[in-house]
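J.: Going down the list, the sequences are from chains A, B and C. In case it helps, the numbering used here puts the first sequence at residues 1 to 306. In case it helps, the numbering used here puts the second sequence at residues 1 to 361. In case it helps, the numbering used here puts the third sequence at residues 1 to 393.
Worth flagging that the hints you see were computed from the coordinates, not collected in a lab. Watch out, some of these pointers could steer you wrong.
As the list claims (entries may be wrong) - Ranges between beta-carbon positions, derived for each pair:
1. Ser219(B) x Val82(A): 50 to 56 Å
2. Ala392(C) x Val82(A): 45 to 51 Å
3. Ile308(B) x Lys300(A): 29 to 35 Å
4. Leu171(A) x Glu228(B): 40 to 46 Å
5. Ile273(A) x Asp255(C): 21 to 27 Å
6. Lys300(A) x Glu228(B): 21 to 27 Å
7. Ser104(A) x Val143(B): 42 to 48 Å
8. Leu239(B) x Gly196(A): 45 to 51 Å
9. Arg215(B) x Gly196(A): 28 to 34 Å
10. Val143(B) x Gly196(A): 52 to 58 Å
11. Ser91(B) x Asn310(C): 56 to 62 Å
As the list claims (entries may be wrong) - The calculated lysine-lysine pairs, modelled on DSS-like cross-linking and capped at a C-alpha distance of 25 Å, are:
12. Lys259(C) x Lys175(C)
13. Lys31(B) x Lys259(C)
14. Lys161(B) x Lys162(C)
15. Lys129(A) x Lys175(C)
16. Lys252(C) x Lys127(A)
17. Lys141(A) x Lys175(C)
18. Lys303(C) x Lys127(A)
19. Lys306(C) x Lys129(A)
20. Lys162(C) x Lys169(B)
21. Lys303(C) x Lys129(A)
22. Lys189(A) x Lys45(A)
23. Lys129(A) x Lys252(C)
24. Lys161(B) x Lys176(C)
25. Lys127(A) x Lys162(C)
26. Lys214(C) x Lys129(A)
27. Lys277(C) x Lys129(A)
28. Lys202(C) x Lys148(A)
Glycine residues also receive a C-beta, built at the ideal position from the N, C-alpha and C atoms.
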Amino acid sequence: MIKYILSYGRMFCMAFLDYLINGISLGSIYAVIALGYTLVYGIAKMLNFAHGDVIMVGGYAVFTAMVTWGWSSWLAMLFAIVVCTVLGITIEKVAYKPLRKASSLSVLITAIGVSYFLQNMALLIFKEKPKVFTSVVNIPKISLFDGKIVIKGETTAAILVSIVIVVGLSLFINHTQKGRAMLAVSEDKDAAQLMGINVNSTISLTFAIGSGLAAVAGMLLCSSYPTLTNTTGAMPGIKAFVAAVFGGIGSIPGAMIGGILIGVIEILGRAYISPQLADAMVFAVLILVLMIKPTGILGKKVNEKV
Amino acid sequence: MKKKLNPQTRKSFITYGLLLIVFIAVEILLKTGSISSMLQGLLVPICVYSILAVSLNLTVGILGELSLGQAGFMCVGAYASAIFSNLVKDSITQPVLRFTLAIFIGGIVAAIFGILIGIPVLRLRGDYLAIVTLAFGEIIKNVFAALYIGYDSAGLHISLKSQGDLGLKPDGKMIINGALGIGGTPNDSTFEIAFVILFISVIIIYNFIHSRTGRAVMSIRDNRIAAESVGLNITKYKLITFALTAFLAGVAGVLYSHNFYSLQASKFDYNLSILVLVFVVLGGIGNIRGSIIAAAVLTLLPELLRSINNYRMLFYAVILIVMMICTSNETIRTFFIRNFQKLKGLIIKNKSGSETVKEAE
Amino acid sequence: MKIAKKFMALSLAAVMAGSCLTACGDSSSSKDGGSSDGTIVIGGSGPLTGGAAQYGVGVKNAAQLAVDEINEAGGVNGVKLKLVFEDDEADPGDKAVNAYNALKDKGMQVMLGTVTTGSCLAVIDKTKQDNIFQITPSASAQDVIKNDNTFQVCFTDPNQGKASADYIAENNVAKKIAIIYDNSDAYSSGIYNTFKSEAAEKGLEIVAEQSFTKDSKTDFSAQITAAKSAGAELLFLPIYYQEASLILAQCKSADFSPKFFGCDGLDGILGVENFDKSLAEGVMLLTPFAADASDDATQKFVKAYKEKYNNEIPNQFAADAYDGVKIIAKLIEKEGIKADMSASDICDKLKKAISDGFSYDGLTGQGMTWSAEGAVSKNPKAVVIKDGNYSAL
Numbered sequence: 001m002i003k004y005i006l007s008y009g010r011m012f013c014m015a016f017l018d019y020l021i022n023g024i025s026l027g028s029i030y031a032v033i034a035l036g037y038t039l040v041y042g043i044a045k046m047l048n049f050a051h052g053d054v055i056m057v058g059g060y061a062v063f064t065a066m067v068t069w070g071w072s073s074w075l076a077m078l079f080a081i082v083v084c085t086v087l088g089i090t091i092e093k094v095a096y097k098p099l100r101k102a103s104s105l106s107v108l109i110t111a112i113g114v115s116y117f118l119q120n121m122a123l124l125i126f127k128e129k130p131k132v133f134t135s136v137v138n139i140p141k142i143s144l145f146d147g148k149i150v151i152k153g154e155t156t157a158a159i160l161v162s163i164v165i166v167v168g169l170s171l172f173i174n175h176t177q178k179g180r181a182m183l184a185v186s187e188d189k190d191a192a193q194l195m196g197i198n199v200n201s202t203i204s205l206t207f208a209i210g211s212g213l214a215a216v217a218g219m220l221l222c223s224s225y226p227t228l229t230n231t232t233g234a235m236p237g238i239k240a241f242v243a244a245v246f247g248g249i250g251s252i253p254g255a256m257i258g259g260i261l262i263g264v265i266e267i268l269g270r271a272y273i274s275p276q277l278a279d280a281m282v283f284a285v286l287i288l289v290l291m292i293k294p295t296g297i298l299g300k301k302v303n304e305k306v
Numbered sequence: 001m002k003k004k005l006n007p008q009t010r011k012s013f014i015t016y017g018l019l020l021i022v023f024i025a026v027e028i029l030l031k032t033g034s035i036s037s038m039l040q041g042l043l044v045p046i047c048v049y050s051i052l053a054v055s056l057n058l059t060v061g062i063l064g065e066l067s068l069g070q071a072g073f074m075c076v077g078a079y080a081s082a083i084f085s086n087l088v089k090d091s092i093t094q095p096v097l098r099f100t101l102a103i104f105i106g107g108i109v110a111a112i113f114g115i116l117i118g119i120p121v122l123r124l125r126g127d128y129l130a131i132v133t134l135a136f137g138e139i140i141k142n143v144f145a146a147l148y149i150g151y152d153s154a155g156l157h158i159s160l161k162s163q164g165d166l167g168l169k170p171d172g173k174m175i176i177n178g179a180l181g182i183g184g185t186p187n188d189s190t191f192e193i194a195f196v197i198l199f200i201s202v203i204i205i206y207n208f209i210h211s212r213t214g215r216a217v218m219s220i221r222d223n224r225i226a227a228e229s230v231g232l233n234i235t236k237y238k239l240i241t242f243a244l245t246a247f248l249a250g251v252a253g254v255l256y257s258h259n260f261y262s263l264q265a266s267k268f269d270y271n272l273s274i275l276v277l278v279f280v281v282l283g284g285i286g287n288i289r290g291s292i293i294a295a296a297v298l299t300l301l302p303e304l305l306r307s308i309n310n311y312r313m314l315f316y317a318v319i320l321i322v323m324m325i326c327t328s329n330e331t332i333r334t335f336f337i338r339n340f341q342k343l344k345g346l347i348i349k350n351k352s353g354s355e356t357v358k359e360a361e
Numbered sequence: 001m002k003i004a005k006k007f008m009a010l011s012l013a014a015v016m017a018g019s020c021l022t023a024c025g026d027s028s029s030s031k032d033g034g035s036s037d038g039t040i041v042i043g044g045s046g047p048l049t050g051g052a053a054q055y056g057v058g059v060k061n062a063a064q065l066a067v068d069e070i071n072e073a074g075g076v077n078g079v080k081l082k083l084v085f086e087d088d089e090a091d092p093g094d095k096a097v098n099a100y101n102a103l104k105d106k107g108m109q110v111m112l113g114t115v116t117t118g119s120c121l122a123v124i125d126k127t128k129q130d131n132i133f134q135i136t137p138s139a140s141a142q143d144v145i146k147n148d149n150t151f152q153v154c155f156t157d158p159n160q161g162k163a164s165a166d167y168i169a170e171n172n173v174a175k176k177i178a179i180i181y182d183n184s185d186a187y188s189s190g191i192y193n194t195f196k197s198e199a200a201e202k203g204l205e206i207v208a209e210q211s212f213t214k215d216s217k218t219d220f221s222a223q224i225t226a227a228k229s230a231g232a233e234l235l236f237l238p239i240y241y242q243e244a245s246l247i248l249a250q251c252k253s254a255d256f257s258p259k260f261f262g263c264d265g266l267d268g269i270l271g272v273e274n275f276d277k278s279l280a281e282g283v284m285l286l287t288p289f290a291a292d293a294s295d296d297a298t299q300k301f302v303k304a305y306k307e308k309y310n311n312e313i314p315n316q317f318a319a320d321a322y323d324g325v326k327i328i329a330k331l332i333e334k335e336g337i338k339a340d341m342s343a344s345d346i347c348d349k350l351k352k353a354i355s356d357g358f359s360y361d362g363l364t365g366q367g368m369t370w371s372a373e374g375a376v377s378k379n380p381k382a383v384v385i386k387d388g389n390y391s392a393l
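Isolated chain A (complex conformation):
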């Protein structure tokens, strides 16, 4: 009897650990996407709904470079980052900059327009058939407990990359001149301008970094879940947006925590409660958290002035 309980207990623990690892892996990818959201929101004060589609462009860029042109994976990754960065800056210049003084809702709608545009452009260029992505990750998998738990190379990569990005981004923002300029712009655009900060170039830089991150996220996403269509980025984009709000939008460590939590809740919910309602559960947890902390886990409390 005791033996039975023990073996059952061990099986349960193994399965739980497996779910947890998968959740963290998915969550790390959400975190990298959420970082892009949070960065742009914090500085440009806009919800960049097209962010998810920049991820898709990053995925296609790697695919084209590696499979069609036969480049090495490092070169392909570099190529994708360059493509997405240029794309991000272009989008900002063409679609968002003319609306710098308009209400944030107008910019939101424009972002949605850009998102439709990117999706349909990709459909025209890369056609409708899904493509299988070749993983860019070259890390061997780790076997634990005699192969009962397998940690994929992609999982290790996703976790490591997201940590590196969070640390790097925090250092950049807090300890470099450009980074501090970003902080200043996020606090008060007009005052920053008076202090001699070039607001336009700072915002462009933000979009460049955000889109570069989207390229990285695209690679991680497509390496872990190797399928690529023109809507690949849409749903992860929304989930990552939820993650960014969850962690407190505008906060870099918040995006990381939010992303990982969303990933873990999604996988555990699917495994233990109901796969049909896993998405509903993610949203329900989000609502609960915001009821208790209205500005997200690490969000700043804004005091209202009369």
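Based on the hints, put chains B and C in the right spot on chain A.
T.: Then chains B and C, alone, in the frame of chain A:
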């Protein structure tokens, strides 16, 4: 002497007049049969989207909160009324009576949901409120997509898992069949009914805005703390607005579900909520007439672009971006205003220039 | 600012009104359903944009191919066919109806579509109302054919679920079965429901039932872990190939290697660009069509399709659509339909003809016949993927 109407009333009467003119024009086209099947099919959806847009404009424009849950309320209204109509379609055969009841049921159930959701949600502000309403909308959609309801001699059976789990007897009937949704809803929506409902919605909204409650809501939008300090019950006014928005969205859902033979939850995803928000922003926040025009134009646009095939949605996206930039960018706007004034000056020569300038502001 | 908006709105409204009127002009010429230029118009509807575009585009391409072939050979009884195809975005509501209405405006006399079950459910009662003969290449739910004017080229879901369970039980493929299906998709949950009840009857043990939804169809780790820890010997996948390719890859990296069994939705998996075919080794599926089958008709079709469409390999949707057009053509020939007949008259003749001793040998089955209810009778072929190719079991 002509009595001068106050500007607000004048504005609302212009809207009513325009709506009536459009209605009569469409009716004439319908009666003479000179309207394509596609446009004919679009008439009810345009009314549905217009109601959704004007009701969301209440929350976004008058209350000043960004809500992305419109599709969720519409979904609730659509499902509630479709269940009702399917259950009674054999006992109440009078379509007008059945449909009237369905409209009230759909609207009221949606309003109840609006209040239930509104109580926790309206404590939040800005983008946090937006994301939570989006979350509620997605939860509603997901639950309805996983819902199986059937009835037999033993009563109602409900399951969230599968059709087999219901354990229906052979004589049983499915009402909601999971992802397949509800089929066989009587097609009671007609353009005339849809138009009447749109017209009533617009009347309700104009009267709401110009009522004491409406002014209170707008004062909350403009300065919450000041409104609170003069003794306005913020939560109450917010809830009223939110519930009215949900009610009208529910009614739009009823029209929608009774216009098609099948109803599936997957229709009511966040993209629909965003689409309605696009109508509101493009039509002008707080501008009821603008919302209707934007809803009609943006519903027609992708259909009229069908002739360019593969490039259809790409064009739609480009037009959306261009329209947004043209209506919101300072420089381009002044360019339009200047030309428009010249045009106006040519037509109405006897009016003094100062008045046009005042209006332009 | 208000004036600027008014200006925009007015100019747009003017453009709209203008285009509405031209649209009206178009329609008046073909209001009765008969076409002016002496062709019979086949209307197709399916998703050409959005997430489901891959299914609609295949159907459109293959249908066009079939129409071109027929016309090159001189048409049907000397009458040429014309295909018009509209995008319904796989929407289950107004957009599907819009596409249908657009087709009507273009003078559709026979309908081929729609591609997806959800959209099809939204238009079946419209075609019934207008009395237009409708044959869907790939909308497979039972409800799709509830009206007497709608017919299917593909199997009905319940048939597939039953046939799969029967095959597994009779050939003793496995005893412990896990299922992963798409709960938000009518096709997938339809097969799942009948598979489950038939499996219970045949004494198969279902150890895990896992589902996913349209919004979360990339990560299957939870479902795979559940199937693995339940000790499943066979994984039944009544889903489409895009998700299946992910499940196969994720099973491999989780060191889980059961037998895989799928339905016709899995067909096409080998045609995915850059897919590692070794992953699909040993996958069994019941499908009416395999692109590398050795019969002449299939080879001719695949060759023509590849030549015309940039070397793409046609999938089962394309094959069903090709058959659909050919079936329509054969029926038109048999009934002596003329180009100036109204859609309703054509419908009355065709729907009687198709269930009255009509049989058709096509890419997706030999000796296909239809019942008056609209379901097709053909036998699914069980195939297994071996050395990167389909081979008959």
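J.: Confirm or reject each hint.
T.: Hints versus structure:
no. : hint                              : in the structure
1   : Ser219(B) x Val82(A): 50 to 56 Å  : holds, 51 Å
2   : Ala392(C) x Val82(A): 45 to 51 Å  : holds, 49 Å
3   : Ile308(B) x Lys300(A): 29 to 35 Å : violated, 47 Å
4   : Leu171(A) x Glu228(B): 40 to 46 Å : holds, 43 Å
5   : Ile273(A) x Asp255(C): 21 to 27 Å : holds, 26 Å
6   : Lys300(A) x Glu228(B): 21 to 27 Å : holds, 23 Å
7   : Ser104(A) x Val143(B): 42 to 48 Å : violated, 31 Å
8   : Leu239(B) x Gly196(A): 45 to 51 Å : holds, 48 Å
9   : Arg215(B) x Gly196(A): 28 to 34 Å : violated, 45 Å
10  : Val143(B) x Gly196(A): 52 to 58 Å : holds, 54 Å
11  : Ser91(B) x Asn310(C): 56 to 62 Å  : holds, 58 Å
12  : Lys259(C) x Lys175(C)             : holds, 11 Å
13  : Lys31(B) x Lys259(C)              : violated, 63 Å
14  : Lys161(B) x Lys162(C)             : holds, 20 Å
15  : Lys129(A) x Lys175(C)             : violated, 35 Å
16  : Lys252(C) x Lys127(A)             : violated, 28 Å
17  : Lys141(A) x Lys175(C)             : violated, 31 Å
18  : Lys303(C) x Lys127(A)             : holds, 20 Å
19  : Lys306(C) x Lys129(A)             : holds, 14 Å
20  : Lys162(C) x Lys169(B)             : holds, 21 Å
21  : Lys303(C) x Lys129(A)             : holds, 19 Å
22  : Lys189(A) x Lys45(A)              : holds, 10 Å
23  : Lys129(A) x Lys252(C)             : holds, 23 Å
24  : Lys161(B) x Lys176(C)             : holds, 21 Å
25  : Lys127(A) x Lys162(C)             : violated, 35 Å
26  : Lys214(C) x Lys129(A)             : holds, 17 Å
27  : Lys277(C) x Lys129(A)             : holds, 17 Å
28  : Lys202(C) x Lys148(A)             : violated, 32 Å
Going through the hint list in order, the structure does not satisfy hints 3, 7, 9, 13, 15, 16, 17, 25, 28.
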